[in-house]
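**Student:** Chains as they are written, first to last, in this note's numbering: chain E, 650 to 898; chain Y, 650 to 898.
Because the hints were derived from the structure by calculation, they are not lab data. Note that the structure is a prediction, hence the values are computed from the model and not measured. Any given hint might turn out to be false.
In this list, chains with the same sequence are indistinguishable; a pair is considered to hold if it fits within one copy or across any two.
Heads up, simulated DMTMM-like pairs for lysine to aspartate or glutamate below, C-alpha to C-alpha not over 25 Å straight-line [what the hints assert, rightly or not]:
| hint | residue 1 | residue 2 |
| --- | --- | --- |
| 1 | LYS680 | GLU835 |
| 2 | LYS715 | ASP760 |
| 3 | LYS680 | GLU881 |
| 4 | LYS741 | ASP718 |
| 5 | LYS708 | GLU835 |
There are 2 protein chains.
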Amino acid sequence: MAEMLNRQGLREALQQTGEAMYHHRHPFHLKMHAGELTRAQLQAWALNRFYYQSIIPIKDSIILSKSYDGAFRLAWRKRIVDHDGDAAHPEKPGGIEKWIQLAVATGLDADYVRSFRGVLPGVRYAVDSYVDLVSKGTLLEAVSSSLTELFAGNLIALRMDAMRQHYPWLVSGLAYFQGRLTQAPEDAAFAFDYAFTHATTPELQQLVVECLRRKCALLWAQLDAIHYSYVEPGNIPPSPGVLQPEVSQ
Amino acid sequence: MAEMLNRQGLREALQQTGEAMYHHRHPFHLKMHAGELTRAQLQAWALNRFYYQSIIPIKDSIILSKSYDGAFRLAWRKRIVDHDGDAAHPEKPGGIEKWIQLAVATGLDADYVRSFRGVLPGVRYAVDSYVDLVSKGTLLEAVSSSLTELFAGNLIALRMDAMRQHYPWLVSGLAYFQGRLTQAPEDAAFAFDYAFTHATTPELQQLVVECLRRKCALLWAQLDAIHYSYVEPGNIPPSPGVLQPEVSQ
């Protein structure tokens with residue numbers, strides 16, 4: 650039988666899962682950070698990943714809807730504000746708008762990105778599975794699936810350095826990552842506290858780790874689809890509207 | 650504005666969609682039919698595709714649940730029998746059991762295949778999106794998504810020839826395809842009749858074609874995931890349990 654982990658033990662179990670399964674080790678990210686991606690490949694990444702960015706406030710709204718605790722909702726609502734922005738502060742765009750800036754910096758048209766028309770079906774299925782996981786799971790499962798934020802800070806710092814070095818023309822689009830450098834660790838700390846407090850049996854602790862695994866798998870699968878379609882020629886699926894790299898790139 | 654298509658016109662619109670988007674043109678199938686796949690790659694295909702086979706009676710049960718017409722349900726129920734078999738005729742296994750025979754012919758353990766443990770996350774997301782499409786759609790949309798059967802007969806005939814020629818050790822596993830050679834055209838004719846009769850406006854006819862497109866896309870995405878992970882080395886995702894090709898193969 651599994652034993653109950655203390656705070657440090659649960660943190661280590663999550664860390665091990667992240668080291669093995671988080672997408673910082675995905676071949677597409679390795680190419681990105683080594684400066685080996687073309688502008689067209691970064692376009693494909695920015696455009697497809699925008700679909701993921703766009704569902705974040707949707708899944709967070711589902712999470713809000715699962716809690717009867719106003720203090721929890723107040724704290725978690727921050728994530729929706731971070732991504733959707735605040736009408737009272739139009740000078741501070743939300744994360745979704747900042748991701749559009751990144752996509753535009755790669756050379757894409759903002760309205761085309763917003764339309765989702767160019768998104769790969771495989772990316773869509775992986776992202777939709779996240780909404781499904783959060784919809785069908787308990788509040789503990791839904792919160793635990795956000796624990797990839799434990800590892801986001803390091804990846805984003807590495808990515809920003811790599812982008813400044815290898816893709817200087819992208820620098821105007823880095824505001825999203827700048828914001829996440831502080832948001833992700835704050836969010837991760839809150840979610841970890843919640844998971845540690847509410848996973849009150851060894852089985853529930855295992856479930857927390859399993860939800861992190863599922864989330865890692867769906868992040869990884871998005872990059873699989875992007876890598877398959879845009880790194881080797883001839884693999885773009887025949888779905889109408891899917892992004893076709895420009896010949897000039 | 651779109652015009653109303655006659656029976657032949659709708660059939661042609663579906664045919665064009667299938668020619669452009671059905672997975673008979675997928676690079677993985679082209680390699681399969683050219684005899685270029687290894688035994689390990691055919692294992693990966695049989696194991697992952699089993700997840701798709703396994704949800705067919707689930708999506709057909711959802712379709713049954715959407716119809717108030719007993720005659721429709723009686724006709725559509727045949728599909729569940731085709732896949733799950735009939736307790737009164739244990740000598741005639743259903744399609745799912747026949748797919749297990751195929752997987753075993755590639756050298757896989759039947760219980761391992763049945764457990765779904767080895768399935769790629771990307772395949773799971775694509776297949777789950779089919780259940781989602783059928784669950785959330787109208788009966789017309791759900792029926793229309795089955796219209797890929799219009800093209801299954803040709804693909805299966807081609808595949809059986811290719812398997813006999815290039816992978817003779819697989820021949821003991823071909824019973825599934827033998828059955829589908831007659832089932833798929835019967836099912837397709839019924840579904841097409843239903844779609845033609847119930848798509849009573851140009852918009853609904855366009856929706857029928859759109860549902861075929863969505864289905865084609867999710868079949869294609871399954872092969873993308875299999876191709877990405879098992880054709881080039883180093884691309885298998887780090888999800889625990891995912892099929893690892895045996896070194897000896």
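**Student:** Among the hints numbered above, which are violated by the structure, and what are their numbers in rising order?
**Tutor:** Hint check: 1, 2, 4 fail, others pass.
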